[in-house]
Amino acid sequence: MTAPLSHIAPAERARSTSFNEASARTRLDLLLDAGSLVEFIGPEQREVSPHLEIFGLPEQFDDGIVVGHGRLGGAPVFVAAQEGRFMGGAFGEVHGAKLTGLLRAAREIGSIPVLILLDTGGVRLQEANAGELAIAEIMRAVMEARSAGVKVIGLIGGRSGCYGGGGLIAGCCSALAVSEAGRIAVSGPEVIETNRGVEEFDSRDRALVWRTMGGKHRRLLGAADVFADDTVQDFREAALELIGLIGPFGLDRLKAEQGRLADRLRRFGACQDAVDVWTVEGVAHAETVPELPADQFIALADRIGRSSRDAR
Amino acid sequence: MTLDDILASLFPDGHEVRNDNGVIAGAATLRSGGRILVIGVSDRTALGVDEAIRLSAHVLDSIDRGSGPIVVLVDSDSQRMSKRDELLGLNEFLAHLAKVLIHADMHGRPTIGLLYGHSAAGALLATGLATRVLVGLPGASPAVMDLPSMAKVTKLSMTALEEKAKSTPVFAPGLSNLEQMGAVHMTWSDATSLADQLEALLADMPAARDRRDALGKERGGRPKAADIAERVRDLALQIR
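Which chain is which? The protein sequence lines are D and H, in order. Each residue of the first sequence is one higher than the last, beginning at 1 in the numbering used here. Each residue of the second sequence is one higher than the last, beginning at 1001 in the numbering used here.
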């Protein structure tokens, strides 16, 4: 006899749900302890972008982001999840302000971690100035929260990746978990190609995009400390693991990050391609990394991947 | 104004600021006798991994050894758009520079950005927008996204975009638009001494708390940001 969907254990549903394909709300529902999500300024309040109308574009009642609180393993957490299917998860005025407000509260409380499910192409062009500034405010709010003892964790594995200012926000987080789909970069492939030509970057070469910006490369490089398989349950476990690992933030972290990044330039600065980077790192048959299944890749990364722990 | 003009007007008592292939680093003496750290990007240079790591190193050295405010001079391109920079994790290098500036500002080294030329996108986030007070000089031309690129993405004609830009500051390039957003706090005059204007600002620095959303509301550029952030904050604080 088949059990009705509601009777399936949440962990089972989370294990069988692709993080990449799920909506922002489904990700949060299955990531948090069952039934614990409470949203702030939900879609019923219809706080839409005041700017999209100028362009005759449809609004969304939550402006493409869910913010709220819930429980993870019994402990309270703040959460924010971008909806990559609405305008590429891009930051606009309202979208960004919700995350800023959440981070400001987290700073005042000091002890509740923040999980940010980044899924974004960066600034929303139709409100570019407001979006750019929202990202600057979020970066400041992340650093103020971290300085007050808050753990801020980025979870990246959505369809829109984590581009533009989203990449800078990711760089401000205490730690990141990333899946293969979690591309992290500043300039997107099309932007590089448009500005510098197809010889510099062929945006239609998907294999090139994935190995240059994708989650496997970011994990081996040490930009992300945990690689998650593409299920919501894997991201849930990654978040729990990272909450347990993150230590206090201070100047020593920034000095260690300076050393970590300078060392990266020394080691890999002359590499032409990600495969060269992985080879220098000591991966045998580096060209096979893109094909490795998640469990084998995680074993490899745990053995020779670099870490940003205590250095970000 | 050129970088040399700006440095001469800011620091009439002399300075030790070098411009090395677009990366500005050094220090100067204020009229009050105190010291000020100077970093920045000049000559519309793109901000890539190699530039960012030198700028963050200069600030970190000064956090250990120096004192006084920090000024960030900005005439940059956007972030460097290249395969190499992205391969090496440009997002981390830009974030690191911003983090170092924010940390310094929060710990007794107030930061001032001085936007005197161009800047855009990730380069602006890692420099001017990571300071406490961002000042514009007449002629500065920041652009989050230029109109031709925006025309391509939005599939609107340049004429239509230019028409829309007249009625809203929210998407169009330019110093005054960013000022209305609350991103640029003030514009200085280039007809009087920059040293006078710098001393006046330093004597009356706003608190470190980020008030840019409130400024954007007062100036009519961002009608909702401050209120939404405040409402979410209030709701989130209730769970204590």
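Warning: the hint list may mix true and false statements.
[As the list claims (entries may be wrong)] Pairwise CB distance ranges, derived in the manner of DEER restraints:
(1) D/ALA256 - H/GLY1033: 29 to 39 Å
(2) H/PRO1223 - D/GLY149: 27 to 37 Å
(3) H/GLU1218 - D/GLY56: 27 to 37 Å
(4) H/PRO1223 - D/GLY56: 14 to 24 Å
(5) D/GLY42 - H/ARG1018: 48 to 58 Å
(6) D/ARG303 - H/ARG1219: 53 to 63 Å
(7) D/ALA256 - H/ARG1219: 36 to 46 Å
Just so you know, these hints were derived from the structure itself, not from any lab. Please read all numbers here as calculations on a predicted model, not as lab measurements. Yeah, the Cβ is synthetic: ideal placement off N, Cα and C, and Gly gets one too.
Hints, verified against the model:
no.	hint	verdict
1	D/ALA256 - H/GLY1033: 29 to 39 Å	holds, 35 Å
2	H/PRO1223 - D/GLY149: 27 to 37 Å	holds, 34 Å
3	H/GLU1218 - D/GLY56: 27 to 37 Å	holds, 29 Å
4	H/PRO1223 - D/GLY56: 14 to 24 Å	holds, 19 Å
5	D/GLY42 - H/ARG1018: 48 to 58 Å	holds, 53 Å
6	D/ARG303 - H/ARG1219: 53 to 63 Å	holds, 54 Å
7	D/ALA256 - H/ARG1219: 36 to 46 Å	holds, 40 Å
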